[in-house]
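> If you read the protein sequences in the order shown, they are chains P and F.
Sequential numbering from 1 applies to the first sequence in our numbering.
Sequential numbering from 1001 applies to the second sequence in our numbering.
Everything labelled a hint here was simulated from the structure, so no lab data went into it.
Even glycine gets a Cβ: it sits at the ideal position worked out from N, Cα and C.
Keep in mind that the hints are not guaranteed to be accurate.
As the list claims (entries may be wrong) - Examples of chain P residues toward chain F, derived with CB under 8 Å:
hint: 1; residue: Ala54
hint: 2; residue: Ser71
hint: 3; residue: Ile76
hint: 4; residue: Leu80
hint: 5; residue: Cys82
hint: 6; residue: Met83
hint: 7; residue: Gln99
hint: 8; residue: Ser287
Number of protein chains: 2
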Amino acid sequence: MALVVQKYGGSSVADSERIKAVADHIAHTYRLGNQVVVVVSAMGRTTDDLIRLAKETSSVQPPREMDMLLSAGERISMALVCMALAERGISASSYTGSQAGIITDTVHGKAKILEVKGDRIRAALEAGAVPVVAGFQGVSTEKDVTTLGRGGSDTTAVALAAALRADACEIYTDVSGVFSADPRVVPESKRLKKISFEEMLEIAATGGKVLALRSVEFARNHHVPLHVRSSFTWEPGTWVVEEDPSMEQVVVSAITSDNSEAKITVAGVPDKPGIAAKLFRSLANHSINVDMIVQNTSRHGTTDISFTVPKDDLSTSLEVTNRLVPEISASDVLADTGIARVSVIGAGMKTHPGVTATVFETLAAAQINIEMISTSSIRISCVIRSDQAETAVRLLHQAFELSEN
Amino acid sequence: MALVVQKYGGSSVADSERIKAVADHIAHTYRLGNQVVVVVSAMGRTTDDLIRLAKETSSVQPPREMDMLLSAGERISMALVCMALAERGISASSYTGSQAGIITDTVHGKAKILEVKGDRIRAALEAGAVPVVAGFQGVSTEKDVTTLGRGGSDTTAVALAAALRADACEIYTDVSGVFSADPRVVPESKRLKKISFEEMLEIAATGGKVLALRSVEFARNHHVPLHVRSSFTWEPGTWVVEEDPSMEQVVVSAITSDNSEAKITVAGVPDKPGIAAKLFRSLANHSINVDMIVQNTSRHGTTDISFTVPKDDLSTSLEVTNRLVPEISASDVLADTGIARVSVIGAGMKTHPGVTATVFETLAAAQINIEMISTSSIRISCVIRSDQAETAVRLLHQAFELSEN
Chain P
1 MALVVQKYGG
11 SSVADSERIK
21 AVADHIAHTY
31 RLGNQVVVVV
41 SAMGRTTDDL
51 IRLAKETSSV
61 QPPREMDMLL
71 SAGERISMAL
81 VCMALAERGI
91 SASSYTGSQA
101 GIITDTVHGK
111 AKILEVKGDR
121 IRAALEAGAV
131 PVVAGFQGVS
141 TEKDVTTLGR
151 GGSDTTAVAL
161 AAALRADACE
171 IYTDVSGVFS
181 ADPRVVPESK
191 RLKKISFEEM
201 LEIAATGGKV
211 LALRSVEFAR
221 NHHVPLHVRS
231 SFTWEPGTWV
241 VEEDPSMEQV
251 VVSAITSDNS
261 EAKITVAGVP
271 DKPGIAAKLF
281 RSLANHSINV
291 DMIVQNTSRH
301 GTTDISFTVP
311 KDDLSTSLEV
321 TNRLVPEISA
331 SDVLADTGIA
341 RVSVIGAGMK
351 THPGVTATVF
361 ETLAAAQINI
371 EMISTSSIRI
381 SCVIRSDQAE
391 TAVRLLHQAF
401 ELSEN
Chain F
1001 MALVVQKYGG
1011 SSVADSERIK
1021 AVADHIAHTY
1031 RLGNQVVVVV
1041 SAMGRTTDDL
1051 IRLAKETSSV
1061 QPPREMDMLL
1071 SAGERISMAL
1081 VCMALAERGI
1091 SASSYTGSQA
1101 GIITDTVHGK
1111 AKILEVKGDR
1121 IRAALEAGAV
1131 PVVAGFQGVS
1141 TEKDVTTLGR
1151 GGSDTTAVAL
1161 AAALRADACE
1171 IYTDVSGVFS
1181 ADPRVVPESK
1191 RLKKISFEEM
1201 LEIAATGGKV
1211 LALRSVEFAR
1221 NHHVPLHVRS
1231 SFTWEPGTWV
1241 VEEDPSMEQV
1251 VVSAITSDNS
1261 EAKITVAGVP
1271 DKPGIAAKLF
1281 RSLANHSINV
1291 DMIVQNTSRH
1301 GTTDISFTVP
1311 KDDLSTSLEV
1321 TNRLVPEISA
1331 SDVLADTGIA
1341 RVSVIGAGMK
1351 THPGVTATVF
1361 ETLAAAQINI
1371 EMISTSSIRI
1381 SCVIRSDQAE
1391 TAVRLLHQAF
1401 ELSEN
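Isolated chain P (complex conformation) (with noise of 0.2 Å):
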C-alpha cells in the first residue's frame, strides 16, 4: 500500500464532467489499495472571473482582501471533488489551506510556507477517508488567510507529500508530462519518461510551463518523487526523481524558450568598478529579478552592460536605471523587447564538452545572431530575436537527436 498525493489543476476541474473523471480515476487509485489525499486547484477560470469582479468593483485590491476572494475558488472545486466520490462510495472531506494546518508568512498574494501540520489529514487517512484539500492557499500566523502565488497548488501538493512522507505526488494538469521541446513548436518531440530535479530546474526556469519553480525547488529539497501526467489521457507521464549516478545520463534532455524578459542595455558606462555593483543593488532594492547580465569589452575607456528582466518589470527597471544616468555618467540607456531566450538543458552535459559548440554552430549555420550568453553545469541560455526562436528550437531539437526515433 503506497501514499499518493494526487494534485489537480483547474483545467483537470474545469466543470462537471471532469470532476467526475477525476472522481473516478481517485476512486481507482484508492480501490487498488492506496491511501490517497487530494490537493485541486480552482476550477477553470474562476479566479480570473474573480479577479475581474474585483477590478470592475474598486481600483484599489488590498493584498489580504484579494486572497480571501480568490481562496474561495478551491473551496468550491474541493467540495465538488468531495462530493463525487462521495457518490462513488468512498468517504472524503474537504479541507481548506486553514484546517490542513498549511501554515505560512504574512506575505499576501505570495505567501511562503513555513510549516505543514496536517494533523486533520493525517487523521482522515487514518479513518480509512480521502481528504481533499484546496491548494494556493494557507494560513498566516496572524490567522489570516493567504493565497501562495503561482504555481501555489502544485507547492501545496508537494509540501504536503513531503509533511506525510507520501511514496509519490502525482501532478495531474492537461499535458501529458514534460516533453524535450514544446510539442506545438517541435511537433516530433517526444515525452521524457524520467528527468533529474536539476534538470527540471532548469527547465522550468527557462520557459518550460509544466511545472513552477518553486514547486520543483520544495521537491527537490525535500525528496518527494514527483510524477507529472495528464487527467484527459490518465497514460504514465514524465518522473522527476533524484539524479541516479549509476544511471546514463543522456547529454540533452530538451530544449526550451521564454519571450517573457527584455533587455535593458545601458551605454557608455566609465569602465571602473562599482558601476554595475550600484546599478544592481539599485535594481535589487526594487526586489527585480535580474537573470543574464552582459557586460561589452571596453573601448575607450567606457563600456555597454546589457541585462535581462521580467517584461512585467520593465518599466519599474528603466525608471530605477534612468534615475542612475547621472550618478554613473551613462551615455544612454535603451529597452528591447523583441527578444527571447532558447536554453539547451542537459545532466549529461557536466561530463560531455561540446555542447556550447554544436549549440553556436546550428545557430549560425542558420544565420541566427546571438546576443547575450549564459551557462550552467547543465545548461546553455543564447539570446536571439524573438522571431528567430521558434526556428532555433527546431534546429537545436534536430542537432541534438531528441526526437522519437
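Since the structure of chain P is provided, determine the placement of chain F on it from the hints.
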C-alpha cells in the same frame, strides 16, 4: 457615537455597482462618527448557481461539503465590499464566520449559533476599522465550516449585534420596510414605522418574507432593536423594537397570507383518547412541523382530524399518516394543496375585543368560507381556498382601515 451593525442581503450586493453603492453608504455612516460592523450575504444568485453546480456534479451532496461549497459565496462578496471601502479611504477587513468567532453546533445546513466570540471584530473596531463579516456561516465545535440555513445572514447580524451590544442592527434589503400588507396585493398598503418584536414574529410566521423568524426571535431574546430598510432608496424603514406599554397600541398592524402549507384530513377515526397523540407523535418523530390542527365534533362515534404542514413535507407526512391508518382505524386520508392561510396581526388585539367578529363578518360578506381557524393573543389566522386569498387580504386591509389615509 453609536455602534451599528449593517446587514446587506444578496440583492443589495448583487453586482459591482450595487457593492459600490453599499460602500458609499457604509462610508457615510462611518464618517458621521459611528462604529460600523457590516454583515453580507453572497452576491445575488451565487448560492443558487453553486447549488446547481453541486447537482450537476453529483447525485449525493454530503451536508458538510455543501456547507463548504456555499460558504464560498460570502467570501467573495465580503472581500469585494472591503476593496470598495479601501477605495473610499476606509480601512476595512473581512472575516469569515470562523474568524469572527461564530461558533455553532454541528448540524450542517441549518446550524445553530452557540456562541459569538467576536474578539477580532472588537479589535478591528478599536483600531478604527470597519470589520466586514460573512453572514450565514460559522465554525462548528468540531472545527468544520457550517451554514445557518434560511435567514442565516440576518441571524449572524443580530447575533453579532447582541454580542457587541450594538445600538441597532440595520437589515438592508430590496424592500423599504415592513408593510401593512404585501404591496403587490394591496397597492395602498402602508409602511409601518414601528412594530413590536411579537407582531414581527407573527408576521414572519404567517407569510411575511422580509425577516426570517429565527432572526426576529434572536433579536427579541437579546433586546436588539432592528431597523428594516432599503439599500436601493436608503430611506428610513421599519423599526422592530420592544413593546412600549406607554404607547397607544394600534389594534391591527398587518394582514398576511401564506400559500406554503397543505392540509391533511384524517377521516373517520374513532373518537377516543390517544389517537391524536399517536398521530402527532409520529409526525414529530419525522421532524414535521405541524402548524394548525382542527378536530371536528364527533358524529356517530367517529371524528375527522385536519392539520396543516409545509408543502415540502407533504409527501413524508402522507406516508407517515397512511402507515398509521390500520392502527388508528381511520377510514380515509385526504390531502389538499389548494389552501391559503390569511392572518390578521396586531398587538392591540389583546385589549380590543371584536377583532375576530370583524374578520368573520368581512369574509362572510364576500362568500369566503373559513375552513380552519387558529388564534394567538395578537393574531387570528383563517384557512381559506387559496384562490380567494388575495381578495381576503384586500378586504381585511380595508375593514381595519390600514391604508395610508
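> Checked against the structure, which of the hints given earlier come out wrong?
Going through the list in order, the structure violates hint 8 alone and respects the others.
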